[in-house]
Amino acid sequence: MSNIKIKTEINFQHLLSIEGMSKELITKIFDIAETFLKIGKHDVKKVPLLRGKTVCNLFFENSTRTRTTFEIAAKRLSADVLNLDISSSSQSKGESIIDTVNNLIAMSGNIFVIRHPESGMPKFIASNINKDVHIINAGDGNHSHPTQGLLDAFTIRKYKKSFNGLKIAIVGDIKHSRVARSEMHALSILGASEIRLVGPKIFMPDDVDPTKFQEFNEMKAGISDVDVIMMLRIQKERMQQEIIPSEKKYFESFGLTTELMKYAKKDAIVMHPGPINRGVEIQSQVADSSQSVILAQVTFGIAIRMAVMTMLIDKNI
Amino acid sequence: MSNIKIKTEINFQHLLSIEGMSKELITKIFDIAETFLKIGKHDVKKVPLLRGKTVCNLFFENSTRTRTTFEIAAKRLSADVLNLDISSSSQSKGESIIDTVNNLIAMSGNIFVIRHPESGMPKFIASNINKDVHIINAGDGNHSHPTQGLLDAFTIRKYKKSFNGLKIAIVGDIKHSRVARSEMHALSILGASEIRLVGPKIFMPDDVDPTKFQEFNEMKAGISDVDVIMMLRIQKERMQQEIIPSEKKYFESFGLTTELMKYAKKDAIVMHPGPINRGVEIQSQVADSSQSVILAQVTFGIAIRMAVMTMLIDKNI
Amino acid sequence: MSNIKIKTEINFQHLLSIEGMSKELITKIFDIAETFLKIGKHDVKKVPLLRGKTVCNLFFENSTRTRTTFEIAAKRLSADVLNLDISSSSQSKGESIIDTVNNLIAMSGNIFVIRHPESGMPKFIASNINKDVHIINAGDGNHSHPTQGLLDAFTIRKYKKSFNGLKIAIVGDIKHSRVARSEMHALSILGASEIRLVGPKIFMPDDVDPTKFQEFNEMKAGISDVDVIMMLRIQKERMQQEIIPSEKKYFESFGLTTELMKYAKKDAIVMHPGPINRGVEIQSQVADSSQSVILAQVTFGIAIRMAVMTMLIDKNI
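Chains as they are written, first to last, in my numbering: chain A, 1 to 317; chain B, 1 to 317; chain C, 1 to 317.
You may find that some hints are simply not true.
Identical chains blur together in the list; that is why a pair holds if it fits in one copy or across any two.
Claimed, not checked - With a straight-line cut-off of 27 angstroms between C-alpha atoms, the simulated BS3-like cross-links for lysine-lysine are:
| no. | residue 1 | residue 2 |
| --- | --- | --- |
| 1 | K160 | K212 |
| 2 | K23 | K212 |
| 3 | K28 | K158 |
| 4 | K315 | K46 |
| 5 | K123 | K28 |
| 6 | K315 | K249 |
| 7 | K75 | K41 |
| 8 | K248 | K212 |
Derived by calculation from the structure, the hints in this document are not laboratory data.
Just chain A, with the same shape it has in the complex:
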């Protein structure tokens, strides 16, 4: 890593949200992630950058998929990894979350990857603990999921080189999606030319700045001539609550099909944070097409998480 010597002037102590990050910091994360992607193609993928450090995955909400990406990233940096299933642990004994984290700090945890159903909990923890550890928000309520937002923007940079002139559509339940919120912040900061929010009215957020984002309640217009289509997962819980009528009805109006793909640019890429619901928000043929970069996102996600962890620990990288 010694060839990368851009000093970060920003105090990068925690990664809580993309809101407020500078374009320079995000660009630096991407540049470092690129170097890890190269390592990913080598035979031996481990680097000793976090040797002797302990990464604690504190998941108050079950997510094997997301937890696994952080676990792989940490192990590839040679860190020790602790997976803590909090629901079955101290919380049931009534210990406060701050006491739990302070205990793990005393056991010398260095990085805490936290997922929590309550918006703002990672920030609350970061404000109530010792300064020399690092919090990464791995998803808090409807609020934020910054590493997903970063890896999505990174994927666009990989395929489209620049954000300048790009038209991007985010499609689905934007209102309840922490992923969408993080994507919107990242794309704004990086200077995408046009960011569209596409979905039924009931899924549009209330507080959108119309000078930054354009709303579409219909797919053909929404994805017309775009370079990038970022699909969101439709949460089945919402259908059970009858917020939307049925999977079939939703697919008919907002499912991404090969038919609809003709309206986007010919070289448009299709993204999805996973896990995908085939036949609900996306047709199988589209998910498996050559325009789909869904699995590439997963690979890039490991590199982004390695970059974030490395930069949190080593200010001089």
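Keeping the supplied structure of chain A fixed, place chains B and C upon it in accordance with the hints.
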């Protein structure tokens, strides 16, 4: 490992079943396992053969014991290990099993150790994914459990040197046992002289080739003059379904006792894939006797799994 | 570690209880723990003392906190760690606990960290297995929790230098506490001048030697002029059983408050094995005060567990 230079002409991409493996390939696995057994006696048991590789244990059926043997084998080869409890993970979100595996490949999993209640699932996965990863079947339905079959045959080779002239009895619920099926294939391929299937009629498989296997429905005749007795675990579920009358009744007819051992050869060995049911299929005195090699099987199982993983990854070993 | 060359004449094969340990052995554990504490301040905390060894955490009682401390200690010594959740494993298949442990020994486990709801189970296991592995009792019923007792005594040595002349109060439900029992043994062996047991009569053990321990059923007298206050966790289960009237009532009589702290020595330290119940046995202000060494105990606990594991494996250290 540089002293072992027998080229494998067979394409050893996955280990799905013992059926169809050549005697040469099995023998090579055994020879490499021998070298790991020697390592097992050293003070520091780790070797760096799989450093930088990731082994994913995907268990759709709970089995701490089997999962642990693969975990130990992988760690001793210096691989990173991911244990994924699938029932509590993405499957509950409705993701297809192929999407789950493709995601883990994108995170750069190299070897997938899969246990699944459905026969044929590991093969189905192997046929639907990218070519440069490796599937090891760790037990699928009633079908196959190839590493157990291999370690059992390896145990016989360790104690009896050759399969030539050997009389071997497999005792218990053969019909429903993937272990028995794998043992039968392994022993046939390796050329055991006489393979007997011993148990109540209701536990005999329907489709046995009588030119290869002899059926016995009585213990004395079944184990008479044999060199090896391979006991199977009786699954208590079957007794609850009243397929067999009771544990006590079963033990009276087919439990291996010190009395019965007199009918076998004096130097006969007793095997069991574990966990054993003392007083159901085997008497405690027999399980703990000097003729029992049950714990040796466990030790050899680690070496066999190390050999299989190494050969899957390194074609030139 | 080469500078520490005090030969242990005691056969330190297992750590089952503090009862019967010599002052010399405990002192040696503390001296070695000191060297690991220094390592803990370095950037890279790993040492290769247990490389190639396997530590199995066998927890028959759920305790993420305690299990995590052993996991961190083992990983920092470069051991491979297996976490086995036994309730969901072989035990449900009816396998005996000795068979389970013998299997793990055959897979080449070297150190077994065992927590079990039954008093005496770690000793029972140690007496029924092969000699060349090591059992660490991580808490058995109401009986013993030796590493907690050791780390508590070590904490006192760190802050008070010597046990000579020290007055120490253990406060709370001593009768049902394996932690209290281990602390009492450790402090007696190390020669603390005065050991007081403080709590309601119903929480006092029946079999206390009055020449070694003084009983107090009232807080002011109990902690008057002491150097060290060791609080115990009040188990809420006991309140549900109406052994004690309510959390509020208990706090009024035996909760440690800033008011009560005035009766102890000015430089008295406050300890607690965690997790703490704020407002039940201890006031938040006291738990977070400069006299509280509760989080230091956690840090020291890692060093103590590293020292114990190292000394079990390496007789010549």
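Q: Can you give me the call for K23 and K212, within, between, both or neither, at a CA distance of at most 27 angstroms?
A: Cα proximity of K23 and K212: one copy only (16 angstroms, versus 68 angstroms across).
(Q) Within a copy, between copies, both or neither: which one fits K75 and K41 at a CA-CA cutoff of 27 angstroms? (A) Intra 16 angstroms, inter 22 angstroms, cutoff 27 angstroms: intra and inter.
**Q.** Intra- versus inter-subunit Cα pairing at 27 angstroms for K315 with K46
**A.** Answer is both; intra-copy 21 angstroms and inter-copy 22 angstroms each pass.
Q.
If the cut is 27 angstroms between Cα atoms, do K248 and K212 qualify within a copy, between copies, both or neither?
A. neither (32 angstroms within a copy, 55 angstroms between copies)
Q | Copy assignment of K28 with K158, given that the CA separation must stay at most 27 angstroms | A | Classified as within: same-chain Cα gap 14 angstroms, cross-chain 44 angstroms, threshold 27 angstroms.
Q: Classify it for me, K315 with K249: is the Cα-Cα distance of at most 27 angstroms met within a copy, between copies, both or neither?
A: neither (51 angstroms within a copy, 51 angstroms between copies)
Q. When no copy is specified for K160 and K212, does a C-alpha distance of 27 angstroms or less occur within a copy, between copies, both, or neither?
A. Only inside one copy: K160 and K212 sit 20 angstroms apart there, 63 angstroms across copies, limit 27 angstroms.
Q.
Please sort K123 with K28 into within, between, both or neither, judging by C-alpha distance up to 27 angstroms.
A. Answer is within: at 23 angstroms inside a copy they meet the 27 angstroms cutoff, but 43 angstroms across does not.
The structure fails hints 6 and 8 (numbered hints given earlier, in ascending order).
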